[in-house]
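Chemist: Counting along the sequence shown from 1, when you hit position 36 you're at 36 in full-length UniProt numbering, and nothing is skipped either side.
Wrong hints could be hidden among the right ones.
Straight-line distance between alpha carbons at most 20 Å, and here's what the computed SDA-like set of lysine to any residue pairs gives [stated by the list, open to error]:
1) LYS29 with GLN113
2) LYS4 with ALA57
3) LYS4 with GLY106
4) LYS4 with ALA52
5) LYS4 with ARG27
6) LYS4 with ASP38
7) LYS4 with LEU41
8) LYS4 with VAL31
9) LYS29 with LEU41
10) LYS29 with TYR118
11) LYS29 with GLY106
12) LYS4 with ARG100
13) LYS4 with LEU33
14) LYS29 with LEU112
15) LYS4 with PHE72
16) LYS29 with LEU73
17) LYS4 with VAL97
18) LYS29 with TRP19
19) LYS4 with LEU73
20) LYS4 with GLY62
21) LYS4 with ALA37
22) LYS4 with ASP65
23) LYS4 with VAL101
24) LYS29 with ARG18
25) LYS4 with ALA32
26) LYS29 with ILE105
27) LYS4 with ALA60
28) LYS29 with VAL69
29) LYS4 with THR98
30) LYS29 with LEU115
31) LYS4 with PRO35
32) LYS4 with VAL69
33) LYS29 with PHE72
34) LYS4 with ASP28
35) LYS4 with ASP96
36) LYS29 with ASP108
37) LYS4 with GLU45
None of these hints come from the bench; they were simulated from the model.
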Amino acid sequence: MRGKPGVVLFAHGSRDPRWAEPFERLRDKLVALRPDADVRLAFLELMTPSLADAVDALAAQGSADITVVPVFLGQGGHIRRDLPVLVDACRNTHADVTLRVSAAIGEDDAVLQALATYCASQLDRD
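My request is simple: use the sequences and hints to build the entire structure.
Modeler: Laid out in C-alpha cells, this is it:
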C-alpha cells in the first residue's frame, strides 16, 4: 500500500529555536491546503530533523513519492552543492522512493510578488 505523498520543507537551521517558527507556520498552512500529503520540516544544520531523518520517517510511513522544497530565497551554495549530496544519500538509502527537488522558493515569481507586496505595504505604515 502506498502512503500519502510526502513533502519536505528544507530550511537552513539556526541556533535560536524561535527561528523555526515561521517554517512551522508554513508547514501548518501547507497541511491545511493539502491534507492528502504528509508534510515535514528538515534542516541543513543546527536544528533537527535532518533531511535524511525526514525522508526516513516519510518512507517508513509508506510515502513512495517525496518532494523536497528548499525554503531558501535563492539557489546559493547550500542548494547547489550541499542539497544534491544530501538528496543522493537519501536516494541511495531509499531506492524505492521517488525523490524530487523543487527550485528554491525564492526563484518562483509568485513568491517574489508576495514578498514585494509585503515590502510595499511597509512603506504605508505610520
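Chemist: Hint by hint, note whether the structure agrees.
Modeler: These are the hints, each one checked on the structure:
Our distance criterion of 20 Å between C-alpha atoms is met by LYS29 and GLN113, whose separation comes to about 19 Å. Between LYS4 and ALA57 the alpha-carbon distance is near 12 Å, which keeps this suggested pair within the 20 Å criterion. The straight-line distance between the Cα atoms of LYS4 and GLY106 is roughly 26 Å, outside the 20 Å bound, and the hint therefore fails. The hinted pair formed by LYS4 and ALA52 meets the criterion: a straight-line CA distance of about 18 Å does not exceed 20 Å.
Of the supplied pair hints, the one linking LYS4 and ARG27 holds, its CA atoms being roughly 16 Å apart against a limit of 20 Å. Of the pairs offered as hints, the one joining LYS4 and ASP38 holds, with about 6 Å between alpha carbons and a cut-off of 20 Å not exceeded. With a C-alpha separation of about 16 Å, the suggested pair LYS4 and LEU41 falls inside the 20 Å cut-off, and the hint holds. Distance check on the hinted pair: LYS4 and VAL31 sit about 12 Å apart at the alpha-carbon level, within 20 Å; holds.
Restraint check: the Cα-Cα separation between LYS29 and LEU41 comes to about 13 Å, which is no more than 20 Å; the hinted pair holds. Under the criterion of a C-alpha separation no larger than 20 Å, the hint pairing LYS29 with TYR118 is consistent with the structure, at around 18 Å. Under the criterion of a C-alpha separation no larger than 20 Å, the hint pairing LYS29 with GLY106 is consistent with the structure, at around 18 Å. Between LYS4 and ARG100 the alpha-carbon distance is near 15 Å, which keeps this suggested pair within the 20 Å criterion.
The hinted pair formed by LYS4 and LEU33 meets the criterion: a straight-line CA distance of about 14 Å does not exceed 20 Å. Only pairs whose Cα atoms come within 20 Å are accepted, and LYS29 paired with LEU112 is accepted, the gap being roughly 18 Å. A threshold of 20 Å between alpha carbons decides the hint, and for LYS4 with PHE72 the separation of about 25 Å lies outside it, so the pair is violated. A distance of roughly 19 Å separates the Cα atoms of LYS29 and LEU73; the hinted pair therefore holds under the 20 Å criterion.
A hinted pair counts as satisfied when its Cα atoms are at most 20 Å apart, and LYS4 with VAL97 qualifies at roughly 12 Å. For the given pair, LYS29 sits about 17 Å from TRP19 by alpha-carbon distance, which is consistent with the 20 Å threshold. Distance restraint check for LYS4 and LEU73: the Cα-Cα separation of roughly 27 Å exceeds the 20 Å cut-off, and the hinted pair is therefore not satisfied. Under the criterion of a C-alpha separation no larger than 20 Å, the hint pairing LYS4 with GLY62 is consistent with the structure, at around 7 Å.
Straight-line distance between C-alpha atoms of LYS4 and ALA37 comes to about 5 Å, which keeps the hinted pair within the 20 Å bound. Distance hint between LYS4 and ASP65 is fulfilled; the C-alpha atoms sit about 8 Å from each other, no more than 20 Å. A hinted pair counts as satisfied when its Cα atoms are at most 20 Å apart, and LYS4 with VAL101 qualifies at roughly 17 Å. Note on LYS29 and ARG18: the hinted pairing holds, with a Cα-Cα distance of about 18 Å set against a maximum of 20 Å.
Between LYS4 and ALA32 the alpha-carbon distance is near 15 Å, which keeps this suggested pair within the 20 Å criterion. Proposed proximity of LYS29 and ILE105 is supported: the alpha carbons are some 15 Å apart, at most 20 Å. For the given pair, LYS4 sits about 11 Å from ALA60 by alpha-carbon distance, which is consistent with the 20 Å threshold. Only pairs whose Cα atoms come within 20 Å are accepted, and LYS29 paired with VAL69 is accepted, the gap being roughly 14 Å.
Among the hinted pairs, LYS4 with THR98 is consistent with the structure: their alpha-carbon atoms are about 13 Å apart, no more than 20 Å. This hinted pair checks out: LYS29 and LEU115 have alpha carbons roughly 17 Å apart, not beyond 20 Å. In summary, the hint linking LYS4 to PRO35 is supported, as the alpha carbons are separated by about 9 Å, within the 20 Å threshold. In summary, the hint linking LYS4 to VAL69 is supported, as the alpha carbons are separated by about 16 Å, within the 20 Å threshold.
In summary, the hint linking LYS29 to PHE72 is supported, as the alpha carbons are separated by about 17 Å, within the 20 Å threshold. Only pairs whose Cα atoms come within 20 Å are accepted, and LYS4 paired with ASP28 is accepted, the gap being roughly 16 Å. About 15 Å separates the Cα atoms of LYS4 and ASP96, which keeps this hinted pair within 20 Å; it holds. A hinted pair counts as satisfied when its Cα atoms are at most 20 Å apart, and LYS29 with ASP108 qualifies at roughly 18 Å.
Restraint check for LYS4 and GLU45: not satisfied, since their Cα atoms lie roughly 27 Å apart, outside the 20 Å limit.
Of the hints listed earlier, those the structure fails to meet are numbers 3, 15, 19, 37, in rising order.
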